[in-house]
Amino acid sequence: MRSLIDIVDLSIEEINDLIDTANDIIENPDKYSEKCQKKKLATLFFEPSTRTRLSFEAAMMELGGNVLGFSAASNSSAAKGESVSDTIRTVCCYADIIAMRHPKEGAPMIASMHSTVPIINAGDGGHNHPTQTLTDLLTIQREKGRFDSLTVGLCGDLKFGRTVHSLIHALSRYENIHFVLISPEELKLPGYIINDILDKKGVSYTVTTSLEKVMPTLDILYMTRVQRERFFNEADYIRLKDSYILNKEKLTTAKTDLCIMHPLPRVNEISVDVDDDPRACYFKQVLYGKFIRMALILKLLEVE
Amino acid sequence: MNIDSIRNGIVIDHIKAGQGMEIYQLLNLEALDCSIALIKNASSGKIGKKDIIKIDADFELDLDVLGYINPDITINVIKDGQRVRKFHPELPERLTNVIRCKNPRCITSVEQEIDHIFKLTDRENRVYRCIYCESKAKGENI
Numbered sequence: 001m002r003s004l005i006d007i008v009d010l011s012i013e014e015i016n017d018l019i020d021t022a023n024d025i026i027e028n029p030d031k032y033s034e035k036c037q038k039k040k041l042a043t044l045f046f047e048p049s050t051r052t053r054l055s056f057e058a059a060m061m062e063l064g065g066n067v068l069g070f071s072a073a074s075n076s077s078a079a080k081g082e083s084v085s086d087t088i089r090t091v092c093c094y095a096d097i098i099a100m101r102h103p104k105e106g107a108p109m110i111a112s113m114h115s116t117v118p119i120i121n122a123g124d125g126g127h128n129h130p131t132q133t134l135t136d137l138l139t140i141q142r143e144k145g146r147f148d149s150l151t152v153g154l155c156g157d158l159k160f161g162r163t164v165h166s167l168i169h170a171l172s173r174y175e176n177i178h179f180v181l182i183s184p185e186e187l188k189l190p191g192y193i194i195n196d197i198l199d200k201k202g203v204s205y206t207v208t209t210s211l212e213k214v215m216p217t218l219d220i221l222y223m224t225r226v227q228r229e230r231f232f233n234e235a236d237y238i239r240l241k242d243s244y245i246l247n248k249e250k251l252t253t254a255k256t257d258l259c260i261m262h263p264l265p266r267v268n269e270i271s272v273d274v275d276d277d278p279r280a281c282y283f284k285q286v287l288y289g290k291f292i293r294m295a296l297i298l299k300l301l302e303v304e
Numbered sequence: 001m002n003i004d005s006i007r008n009g010i011v012i013d014h015i016k017a018g019q020g021m022e023i024y025q026l027l028n029l030e031a032l033d034c035s036i037a038l039i040k041n042a043s044s045g046k047i048g049k050k051d052i053i054k055i056d057a058d059f060e061l062d063l064d065v066l067g068y069i070n071p072d073i074t075i076n077v078i079k080d081g082q083r084v085r086k087f088h089p090e091l092p093e094r095l096t097n098v099i100r101c102k103n104p105r106c107i108t109s110v111e112q113e114i115d116h117i118f119k120l121t122d123r124e125n126r127v128y129r130c131i132y133c134e135s136k137a138k139g140e141n142i
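Sequence lines, in order, name chains Y and V.
Per UniProt numbering, the very first residue in the first sequence carries number 1; after that it's consecutive.
Per UniProt numbering, the very first residue in the second sequence carries number 1; after that it's consecutive.
Worth flagging that the hints you see were computed from the coordinates, not collected in a lab.
Misleading hints may appear alongside valid ones.
Said to hold, decoys possible - Chain Y regions said to be covered by chain V (calculated; three or more residues, Cβ under 8 Å): (1) 83 to 91; (2) 94 to 107; (3) 121 to 131.
Here the structure is a predicted model, which means the values were calculated and not measured.
For glycine and all other residues, C-beta sits at the position ideal for the given N, C-alpha and C.
When you get a sec, could you build the whole thing from the sequences and use the hints?
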């Protein structure tokens, strides 16, 4: 029984297999529509989410399976003080696979230690969000056709942005990747990611505070939201929330085949006038997220 | 002050002065019923002042944790009144319930009765990280 807690739990070969399956699902959806009949997915969301939870549920439904779960800690026994391990032991009695989001870092790992069914980390605080990374990788593969020789701009909240951390982990394993880290001083990428991943693996990167300056060099621009829920101090959030806003004007110097990504939800960091630009890929990214989650559910349930 | 030599057991020497009691508690020595001597502030040509622990019993003790606290500690194994082995402790690969994660966002801050486990991620720089949230352990957490 396998779980997915961190993107590095998957080898490059396994990621490639998932992407192949997702592409096959996109081409031949009917082939997969009954693969998970009589299987149940529990979505345990101790923290609010729109996309991730609905994406998991839609993925399971399109595989012919069923879903159950809760969408806020207040709707579960966690509100009565139940531990994560007890909740998981209980849910294992009802479901064949569990997707879990929790505000505390490491909660899905605790869950996997006590579970008899596969656990999928659907986001643990500011720590990991591996299925978003798989979504991002499928998007890059479909839009750019490769994972190597890319200049990848990561812009916004690089300190608390878990999607950014996981994506750096994943892309660092490919050849000739150059990261451009664009953020205000206060939201720079944490030192441990720079030291333990980029420096250790010899991955090249540039640190800048100016999006405009680096725009012409980018193959991918990954925008992130400055997340209110990651701040202890409201004043810091308000001061930093509008740090980087992408609009049509800033895109005038960008490559014609730039791929603009965003894990969503956005607040105002991508102006709506960018939505019609053919380089905007963030809503396609949402759709790809469902397909890669279908592929992951099949893999973890060992459905052929 | 005279402390008898031991026949069979372990002498933990070159403990930084003041750390002896901490190690006594960490190794759970109060649970043993053999003779144990904790010597504080003994003079040392090597480190000035030191603490020493003498345990007069032939038994297995998980001493790896000492490597995390101070790799300069010396462990002497005594058999029949003779020292048969002298070594410095290794840095352990894992620390279980030795230090606690201080990250307020970590699940260990709320989940009760959970082991606090740290993994050695960088031997050269003696870096341990919480297995749950990957936060770096701070030395003063001991």
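Outcome of the hint check:
1. Interface restraint, the segment 83 to 91 of chain Y with chain V: holds (3 residues with C-beta to C-beta distance below 8 Å; minimum three).
2. With 6 residues bearing a CB less than 8 Å from a CB of chain V, the segment 94 to 107 of chain Y meets the requirement of three and the coverage assertion stands.
3. Remark: the segment 121 to 131 of chain Y is confirmed as covered by chain V, as 4 of its residues place a Cβ nearer than 8 Å to a Cβ of that chain, reaching the required three.
In terms of the numbered hints stated before, the structure departs from none.
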